[in-house]
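Asks: Listed below are the residues making up each chain.
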Amino acid sequence: MAFAPRIREELTQICGSKWIKDDEVTLYTYRSDGLTLYTKLPMGIVYPANSEELVRVVKVLHREKLTFLARGAGTGLSGGAVPQEDTVIIEMDRLKEIHDIDYINRIITVGPGVVNLRISEKVRPNGYHFVPDPSSQKACTIGGNVAENSGGPHTLKYGVTVNHVLGMEVVLPDGELIQVGGDFHNQPGPDLLGLINGSEGTFGIVTKVVCRLTPNPEKAVTLLGIFDSVRCACDAVSAVIRSGTVPAALELIDKTVIYAVEQTLKPGFPQDAEAVLIVELEDLTDGIGNDAAKVEELLMQNGAQKVERAKDDAERARIWRARKESFGAIGCISPSYYVQDGVIPRSKLPEVIEQIEAIGKKYNLTIANVFHAGDGNLHPLILYNYKDADEVERTHHAGEEILKVCLSCGGALSGEHGIGLEKLKLMTDLYSENDLENMNWVRGCFNPESLLNPSKAIPTPSRCGESKRPVHISDDVAASKMVTRKSGVAV
Amino acid sequence: MTTFTPASIEEAQTWLQQRLEQPKPFQIRGNQTHFQAKAIPSSVESEDVLSLSKLTATNFFDPDDMVVGVEAGMNISKLQEILAEKKMVLPVNPWFGNSTLGGLLACNDIGPNRLMMGGLRDCIIGIEYLNGRAERVHAGGKVVKNVTGYDLCRMMLGSLGGLGVITAANLKVIPQPVEPHGLYSRFRDTSWLLRVAALQEARLPIDWIQALAPATTGEPDWILGIGISGNPERQARLEKELQSLFQNQLKSITDGKTNRSLGYLPGTDRYTGWLEGLRKKWKLLPNYLHVMVLLNTRDALQPIRLEALQHSDLHQVIHPIGADLHFLLDVEDPNEQLDFLQELKNRFRRTDAKMVFGNAHPDLSLQDLGEFGRSTAYSFTQRLQRHLDPAGVFHAPFYQLPQAMNAS
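Chain order of the listed sequences is G and X. With the first letter of the first sequence counted as 1, position 120 gets the number 120 in my numbering; the numbers rise by one all the way through. With the first letter of the second sequence counted as 1, position 308 gets the number 1308 in my numbering; the numbers rise by one all the way through.
Derived by calculation from the structure, the hints in this document are not laboratory data. Built from N, CA and C at the ideal position, the CB exists for glycine as well.
Pairwise CB distance ranges (calculated):
#, chain 1, residue 1, chain 2, residue 2, range
1, X, Thr-1216, G, Asn-50, 51 to 57 Å
2, X, Asn-1059, G, Ser-17, 57 to 63 Å
3, X, Phe-1035, G, Gly-303, 51 to 57 Å
4, X, Asp-1048, G, Lys-404, 43 to 49 Å
5, X, Pro-1232, G, Asp-228, 32 to 38 Å
6, G, Lys-59, X, Thr-1014, 44 to 50 Å
7, G, His-99, X, Phe-1004, 47 to 53 Å
8, G, Ile-104, X, Thr-1014, 48 to 54 Å
9, X, Phe-1004, G, Lys-404, 37 to 43 Å
10, G, Gly-303, X, Pro-1205, 29 to 35 Å
11, X, Ser-1244, G, Lys-59, 53 to 59 Å
12, X, Asp-1064, G, Ser-432, 24 to 30 Å
13, G, Pro-215, X, Asp-1064, 28 to 34 Å
14, X, Asp-1064, G, Ile-104, 35 to 41 Å
Just so you have them, the derived chain X footprint on chain G, three or more residues with Cβ under 8 Å:
#, stretch
15, 142-153
16, 188-199
17, 374-381
18, 409-416
Work the whole structure out from these sequences, hints included.
Replies: Here it is in structure tokens:
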């Protein structure tokens, strides 16, 4: 696919020829997001420099009835930024200006292309940070965070993206620019800000975001509970939550992931442990030691072999690096992995983790676990070889079965990655057709012609049973050979 | 006027289905604790009412998972009572204890601990409502973190009865604060604003903050209260820092309980209707004017000169960090109310402030708030309302304002 000459010409007038691309190598680069099981080549890529250019681009695409979607860093894990055939991708990377910082109001206004971690880096010297901290925070952008309503380990105490965004500028699919929210907490009328957050880029394209800044904790205490049983670690999670202490983060890592991170990042986790639990408390220095001691006691009472306390910031950083880069570390033990994002009532953790293990055995697949235990947000990593068609198929079945287990115990399909393409067909297992049709009705007000990021987030009406299957491996291999040939880069 | 009070959600749904056959607007009500202003003075009020006051069931309460689900007609005091049995609390600040949960969600009340503990938008995890086609729809769920489908929970928050009939909601709750404790001090002027600015800069993790000035014929007598909680070491440290910022002027409110002798309320009352006690204590006339001004902390702390708003019948309740400012004028004359409203609008003209009526003489309308009464994406909000209520049955004045309005 490529732009029709007339459209290319018009888009070039808006953005300049350098910022309109439809060569084969570029198209290949944009064929998927972080979930590589689903791929499709877009029609072309447009790189607007600012919201004015973006509005003009959107108006052209809308007039031509072309489908389009906005993409940040492409780190999404549900296929939300995967194009359809003939879809134009609007790359938001150039809208990365940091506009205003206001420490009295505790806000920062940024472009959607700003990388999540940059916000905290920018305001850290003044004693603040931006709370949502997805594992991909070194790469993912704030626009993507808003689209997916991203979370991260520290959302247990502080909330997810929607809790840390006060205002937005949004381009609707017909090019209309609207402001929602502002620089303070509440507006009269319905919470459009909350509605647009997490709409997976199907309601509008965010061009500016007013983010809340949170004071850095005076003291953080990081505990590492070491367990010889995953079930005990899960029981300990419930015990901590029940005690009335709400940690800033409560993360579980199982032995497969421990092995992977020890091969690569070497945080010093005991390799004979079945699981480790990272518990982080944040507060004033005064009194935090007592809370930490209480948590240590609870972990020991619930079967921890040992509880270690990070001695200094360096040790704390080492533990967190291992947690946040654990998905990447899996690369040393498996050519591919498929991560799920189901969420369950946290009191069901022990039984669900056992069921996940059983599913792994049933499909003869290794399933590693590293997840936000305090929120009940699971991230089972199904390890597979992408060159083995049968294993890919079994991976899909196992993933689906895991999500069905989550639903059967009162949970939901996604805690922070979104539905995207990946989980569409399971939406009817959670919501009635009526509920989905109602969501579609709401979407119709923003995106009546479904030109913006079609077929994402909720199933297409009357096709609730639809299932998007991954591309054929042979197609992908052929495409990657083409890219290697043309670019000289091995893919 | 006819009022239909269904005993079940199914009854409400059947009633709405019939209503849609011969579309005629109706108002949705809970316990009528909130005032609903007309859009413009000549607006015709809907005569029919759908009252949800009998929908009071608890659908589930799982303290281990810190989640609760109740029907929309349950009043907030009752809900807090249920939660308190398991030492949990819904950390939002209703204005009135008898407000139903549905009313609270539809009006999106906020209060003294908005900044530190959040508001309803930080607690809502699931919703059930009847839409403009009389369909019973659900969104969200029972888990504390969820991005499955569109967030219609938050769409319904603050919807003021215009987008559907909220019939039930699921909420994230938290453990009760440990040993809540309050500190207060009196001020003869608004010099406390400077101290609060210093407090904001110090980034201390307080629980809530509220200043109030009862009506007086002389200089207003401000009482500023600050809530803290936690283990003894934490509280000792906070108290030390706060005393330093407030030059050792802070006195203690025992165990964080409401101190009625001071007229000071946000102790435990902040979870069960913080405005209710004040309304009673100040013996406000039925048609008193209550305007809530929403604005950013910087504007709340710096240039507004609250003392210049002095009026012998004016009570003020200020939540400076956050920020929402409540002006309660105890006069019933609509012209006097309009004059005061104009004064407020002048005062906040250079800010992006928004205003909401908490109460007013029935002759006052939303149009009197001008642009201050409209949200940032107001015309889109109107479009959304028309889209989701094609038959026009949900009587909701907020969405009926004329397009062009004069901020003056």
